[in-house]
Each structure stands twice: as structure tokens, then as C-alpha cells.
Amino acid sequence: MSEDGDFAIRLHGITIQFGGLVAVNGLTMSVARRGITGLIGPNGAGKTSVFNVITGFYRPNGGYVEFRRRDGSVGSITGLPPHKVCHAGLARTFQNIRLFGNETAIQNVMIGSHVRQKGRWWMNIVPFTFPGAAREEEEIRENAMRLLERLGLGGYAYAPASSLPYGAQRRLEIARALATKPEFLLLDEPAAGMNPQESAELLNFIRSLRDEYDLSILLIEHDMKVVMGVCEHIWVLDQGQLIADGKPEEIKRNHKVIEAYLGKEAANA
Amino acid sequence: MDANMFMQHFINALGLGSLYGLIAIGYTMVYGILRLINFAHGDIFMLGAYFVFFATVQYKLPWALGAFIAVSGTIVCGLLVDRVAYRPLRGAPRISALISAIGVSFFIENLAVVVFSGMPRPVVQPPLLMEAFSLGGIRLVPLAIMVPAISFIIVAALLWMIYRTKSGLAMRSISFDIETTRLMGVSVDRIIAMAFAIGSGLAAIAGIMWALRYPRVEPFMGIMPGFKAFIAAVFGGIGSVPGAMLGGLSLGFVEIMSVAFFPRLSGYRDAFAFLLLVVILLVKPTGLMGEKLEDKI
Amino acid sequence: MIAPVNAGHARRNNILTLCAGAAIALLLWQAPGYIDAYKIRIINLIAINAILGLSLNLIYGMGGMFSLGHAGFMAIGAYVSAILIITPDQKQIMWILDPIAPWVRDMRAPFLASLLAAGIVSAIFGCLVSIPVLRLGGDYLGIATLGFSEIIRILITNLTPITNGPLGLKGIPPHASLLMSYGCLAVMLLCMTRLMRSNFGNVIRAVRDDEVAAKTMGIDTLKTRVLVFTLGCFGGGVGGALMGNLITTIDPKMFMITQTYSLLMIVVVGGLGSITGSVVGAVLVTTMLEWLRFVENPITIGSLNIPGIPGMRMVIFSVLLIAVIIFRREGIMGMREFSWGWLLRDGKRGGTQ
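Protein chains in written order, with the working numbering: chain A, 1365 to 1633; chain B, 335 to 631; chain C, 5 to 357.
Hints were generated in silico from the structure; no laboratory data involved. Hints are not guaranteed to be accurate.
Claimed, not checked - Think about it this way: if two alpha-carbon atoms lie no more than 20 angstroms apart in a straight line, the pair counts; the simulated EDC-like pairs of lysine to aspartate or glutamate are:
(1) Lys1616(A) x Asp1587(A)
(2) Lys1448(A) x Glu215(C)
(3) Lys618(B) x Asp143(C)
Claimed, not checked - Covered by chain B, per the in silico footprint, the following chain C stretches (three or more residues, Cβ under 8 angstroms):
(4) 154-164
(5) 192-203
(6) 328-340
To be verified - Computed from the model, here is a short list of chain A residues facing chain C with C-beta under 7 angstroms:
(7) His1451
(8) Gln1459
(9) Arg1462
(10) Ile1475
(11) Val1479
Beta carbons are placed, not taken as given, at the ideal position from N, Cα and C, and that holds for glycine.
Please take these sequences and the hints and turn them into a complete structure.
What follows is the structure, given as C-alpha cells:
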């Protein structure tokens, strides 16, 4: 078990049911602060459901989620609607990229900044300018440009998001998530669809993000090279149950994990 | 209100409700398959009424033949609407098809003004259907019994068709998943056309009976019954044929009874239906007999 | 969104906009001396339809909420404004069916205040209606808003002490002069352009394009929708009030679903989500509807007499609507906007997108 003393997110007995089907059963796990933690498991293990519970899209049938902020305060985020979860400091990406395709890359990032924007909506409707609000808008634009450049997307700033190459879209989704100024980042299969070289770069990229933005990161990933290369701690789900957790080397050797992925014969071989 | 008066209203509501139900089936079948609110359906109903008016009043054909011609003519119109205005938009966003449907509705109404003139025309009721007789103290005309009776027979036949024949199976399967059904080798466009044909046919029958009940026709007569029938379809759970009939009957009763018991509210009669719609959409958007659809994240 | 313009171009664009505005204002000011009253009225109607089209476009094109209830909100605006500017004596005489409610009789306000009140009352109704119905998506929303619009119309028809019922209101002072209508349009264009260029504009489009992703970005999507819907209803109310002032009589039949259809046509033809598009759409649809009147009037070509065909105008109109949606769904402008950079060919491909 990881040290509960320094967690960022802690799940207590989370259960999710769809009709009669139990997707996740009494899951208790915690994610270390400033750690890079992996959540793995075969298809249908319930990984994305866990993400959806943490980010407020599903209300769990049982259990609760605790979130500890940088300042040390701990609060339950169970049942908060998604936008409030984001406000609390959690941001996520999606398995099947969900960018605002019609908007330009920089607009996508600016939308992320809205949650921290102080100027009110009506300040931009009245036919005269509020100097403070105008300055803030300018700052948001500059900040968005900085984020894009940091993620190597500077050249795409004014291109519609849907026109970007696949890898760039994945990075743009991360840039957009970072614009919400999160403390905790959830990445749903960040390496999906990337070639080996791209995913190797991704490893370094995720680490540097953590250091630069002081983040705790939880990621779902199928690419074992990525998981083993970047995660400091790994949790393994199978059919909604937690079957193992530990450091990458421990997981690699874990009997149950091998069984879940490859079947009983392989595990016994 | 005494028992006789109540029975009178009851029969009245049954008649109106079953007409709403018949029109509602057309909405529900098309929506179930295409997820399209066929705005023009009320106007198809109007065409049915006009066709029977021309056949019987203008050209003095016998009623049975006139009704047959009217139903066939209306089915052709329904199929034309699908072919011209909806089929080109099968892959388009749903709202585009809806706007096209609004355009078609507008087109049929105004074409009716051009071709039939905007003036209401009186329909001559066959005397046989209007000979009043007494049943347990209630004075009735055969028409009042005929309308719900025909409606129920038709619905029973339709249900048999949907649940017991191959075409019915294809129809139910399309409403479940159009792409997979196509892969199964079903001619989707043919089945969709069939749904439009059945819906238009039922609307025509409703239009004929409506013209008999309220003996006149005019180009905009389909708008209100159309809206109300759609509301009935939503109320019963859109996509469900028995639900549409049930919704139609409920709406008929709400309308007739609220005016019967509170005559002062008669000016608001049309508002009840819309109020009912808003309430049902808020309380149970899937309607009485509808199924739940979930969004996937 | 418009790529950043350099400072020199920005100043030039502002000057150009001001000059164009001044030129249009001068033309409108002088127009009544040169053009007959009928044409003036159509030019005026273009501005009002543009205001209405813009407000519907805000709800549908930008906010992605398919509303068929605009006629109802127009009706509210038109009645509020008319009741406020007609004198109590006139009102006393006009109410025949039922005696007028005293508080309605004694209400008075100057024209501009009545416009504002029209917008605000309409917005309040819009807000109250939208909170429950915006939980519905897509076509259901359209039907529910259509239902509300019909309920509003039925209420107006029946609440005789307040609205004079089916008889409507006559003799509304004609305050909607050319300059007034175009002034309102200019203010609306300015406000809407500012809104859609701001980050909140990005948020509105984000909610339209992907609700799930928008929620993840910390956006309260329901609140955003309610807000946009309410703003759109404000515009609808103001537009309705101007319409009443232009025509000088209003009655419940004016605000049937047909009214919403022509606004929908303006928005769809112009391009969903384009401010420029709604203005272009208003010009085209308004002039076309007027021009099409000729098919309903008897025409004499030489010795040939063609009798007028009542209803033909709307037949052609609806065929055009269907044709646009089938063959050019994105309308004339798509989602693009007019910009000086595009007109003057700044850079390679202009400033749009």
C-alpha cells in the first residue's frame, strides 16, 4: 500500500453499478501527491469508470472520493458536478480526444482558462471597455500562447483544432487541461495511437509536466512501455476489482496481473 | 354533471383521443426509426381530409371509394415528402432534417392555399352515419362509435404487423440500430419508406374521420391536431405504437374533460396540451411507455 | 476567431468601421427625402429582422439550442412596449371586450425605456422558461419552446383585461424610425461582436460543440445556456417591440409559428453562428418576401392578365428553405465573419478563421 500520509486523491470503497452490472466493486486506493501513478487493467476492467467517478460524471453507488489540496486541506469531491470538480483543481483528458474541433488551438486553451477568470461575462457585452477585464483577457491569451509554445504547438495556434495531426491533438488536450490550473491531472490513455518514438517522448514530457506545474498525475494506459517507464506506482484493476498494486517491477512479476492479462496457463507457465 | 352528460363527454373524448392516437402513430414510427420529428405529418393529415372532400363532395364518388382514393393519395404524398425532403439529409445533423421538415410543412400548407384556396369548405356527412339513436339514455350517432372502433381495429392490425411479420421485425431492428440492420442485408430505405407509408395512411384515415366529425376542411386544419398528436406521441413514449394510442386517448380526455368540468377555461383548451407536453418532458422525458437512452462519455 | 491583427491594421479597421457607420447613418438620415415610404418601411424592416435574426442566431447558431419559441418572446416585447407608450386615454377607449385593468391603463414610459422594459420582461420569461426546458436536448427543446410560445400566445388571447385579447392593440405611436431601428441594430452588432470575440464567446461555442468537454473545463454548462438563452430573449423582446412600433398595430395572430419560421430562414440562409450571416440573411429574406408579393398580385404583361395567386409567396419561400437546407446547409457565410482584412486582402488569406 502506498503511504496514506501524503495522498492527493483517495478512493474509499467506490462501487459503480450500471443496472445490474457492477463495473467497479468496493475500490479503495490512493494516489500519491506529486506522484505519477498508473491505473491499468484489461479492457472492461472499469478504469474509465473510475475516472468518471473522480471527475464527477458518474455518481458512485457507494463510497467516497477525497481530494487533498496543495495547502493541505482535505475535502470530499464525491457527487460534485464535473465543473465543480474542475474548479477544485482536477483536470482530465479523454481516451477519444474531445477537443472543440471548430475552434482554433489557442481558443481551446483559452476556454480552459475561463474557470479561473475573474472578469464577468457582462463586462464583455456592454458597448464600452472595462480596463481590468480587457487586461485579463489579454493575459489569458498570452498565457494560452505560452502554454501552446511550451507544448510545442505554437505554430498551430490559429489553426482549427480538428485540423491538427493526431499527436498534436493529444498535446493540445493536455495544454487545455493545464490551462485550468489543476493540481491533479488525469490522463486517459495519453499514448493511444502514438508511434514508439512519440510515446518515448511522451514519457519525458509527462515527467517534466509534473515537475514544472507541481502536479499529481493519474494515468490510464495500455502501452506497457509507457506505464512501466513513467509510473512510480501502479494499481491494477480486473473486472472492477483491485487485484494488485505496487512499484512497476513488482507489478511485472505479479502472478495475478499476468493471469488477468494473459490467462491462467500463461501465469502458470 | 349527471351520468348521462358524463357518458356523452366520455364518448366524445374517446373519439377525439383515438384520432389523436392515429396521427400520433405516424410521428412515433418515423421518430422511432429516424429520430426525426416529421413536422409535415399534420399537413399530411390535412391532405387526407381534402382528398376525401374532393372525391365525395366535388366528384360525388361513393364514400368507400372516396376514402380509398384519399388514403392512397395521401400515402403517395407521404412517400414523396420522404423521398424529396428527408432522404437527402439522412447523414446530416438531425436538426437539418427537422428544419427541412418545417419547410415541408410550410410548403404543403401554402400549396393547399394555392390549389384548394384558403376558404374553409363544408363536408357533406353521409346521412347513414348521422342518424341519432338512443343507447341507455345517451343519444348517439353511429359516427361516434365508428371512429374509435375503426381506430382500435387499425392499431390492433398494426401491432400484429410490427410484432408478427418480417417487415415489422426489420422496422423494430432499424429503430434499435440503423447501421447494423443495414449490414444484416435489410433495405433500410425501403423499410423507412414503409414507415412513412403506414404513418401517412393512418393520418389519412384520421383526416377522413376528422372531416366527418367536424364537417369542414381548410388548409391549416392540420397544424393543431398535428402538434397535439405529437404531444400525445411524446406523452405515450415516443417510438412506442401502443404508447402513441394511449397518449392520444389521454390527451383527448384531458381536453374534453377539462373543458366539460371547467367551461370557463375553454379559451385555454389548446394550452393544456402544450402544458402537458412541457410537464411530461420535465418529469419523464421518455414518456409513459418509452425506453431510456443514455449518453456515453 | 480572428487571428491577431497588428496594431496599425487594428487602428485602420476601427477608423474604417467608424467611417462606414457614419456613411450609413448619413444615408439613412437622408433617405426619406429620396425614397418612397413603402421602400423606407422595407429598409426599416430589414434592421428589425436583423435584430431578431441575430438574437435567434445567438440562441441557436452560437448557443446550439434549437429554439422555436422566438415568436412568443417577440410577442411579450411587443405588448410590453405598446402598453407602456400608448396613452391611458387611448387604452381606455381601445379595450372593448373587457374593462382594462387599472394598473395596465396607468402604466407609461418613454419609448426608449419601453424598449428596455420589453427586452427585460422578455428576458425574465426566457430565463424562467429555459431553466426547466434546457435540460432537454435537440429537437425536444425545439418542441418545448414552440409549446411555450403557443402558451404565451394563448395567454395573450385570453387575458383580455391586460392585452385586449384577440382584438390586439392599435395606434401604437410609430417611434421605430429608420435611425432608431438601425441605431438599435448597431448597438446590438457592437455588443454581440464583443461578446463573441471575448473568452466568454469561446465558452459559449464550447458548450455548443461538446458539452462533456466543456464541463470538464470547469464550465457550468446549464448556467451558460440559460444565460445565452436569456440574452437571446432580450433581443427577441426588443425586436418585437420595434416591430410593433413599425407596424403600429399588434394582435396575437401576428406571433404565430410562421413568424419564427421566417426568422429561422434568416438565420439558416445567412449561416448558423455567423453575425454577418444574420445581417445578410435579414437583407435577403426581407427583400425576397416583399419582392415575392408580386406573385400574389395580378400582373398584366401586354394584353396578358395573370391573376394573383394567394399563398404562392409562401410556397416559393418554403421551397427555398428546403433547398437551402438540402444543398447549402452552412448558409451563405457558414461560420465566417466579415472583416476589413478580408475585404482589403491583408496577408495571404485574409483575417477570417
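Here's how the hints hold up against the structure:
For the given pair, Lys1616(A) sits about 13 angstroms from Asp1587(A) by alpha-carbon distance, which is consistent with the 20 angstroms threshold. About 15 angstroms separates the Cα atoms of Lys1448(A) and Glu215(C), which keeps this hinted pair within 20 angstroms; it holds. About 16 angstroms separates the Cα atoms of Lys618(B) and Asp143(C), which keeps this hinted pair within 20 angstroms; it holds. Coverage of the region 154-164 of chain C by chain B holds. Counting CB-CB distances below 8 angstroms, 6 residues qualify, and the rule asks for three or more.
Counting residues of the region 192-203 of chain C whose beta-carbon sits less than 8 angstroms from any beta-carbon of chain B gives 0, not enough to reach three: the coverage restraint is violated. Counting residues of the region 328-340 of chain C whose beta carbon lies closer than 8 angstroms to any beta carbon of chain B gives 3, which meets the minimum of three for the stated coverage. Taking 7 angstroms as the C-beta cut-off, the interface hint given for His1451(A) holds, the closest approach to chain C being about 5 angstroms. Hint status for Gln1459(A) relative to chain C: violated, with the closest Cβ pair at about 12 angstroms, above 7 angstroms.
A distance limit of 7 angstroms between C-beta atoms decides the matter here; for Arg1462(A) the minimum to chain C is near 4 angstroms, and the interface restraint holds. Look at Ile1475(A): its Cβ gets to within about 5 angstroms of chain C, closer than 7 angstroms, so that hint holds up. The beta carbon of Val1479(A) is positioned within 7 angstroms of a beta carbon in chain C (closest approach about 3 angstroms), and the interface hint is therefore held.
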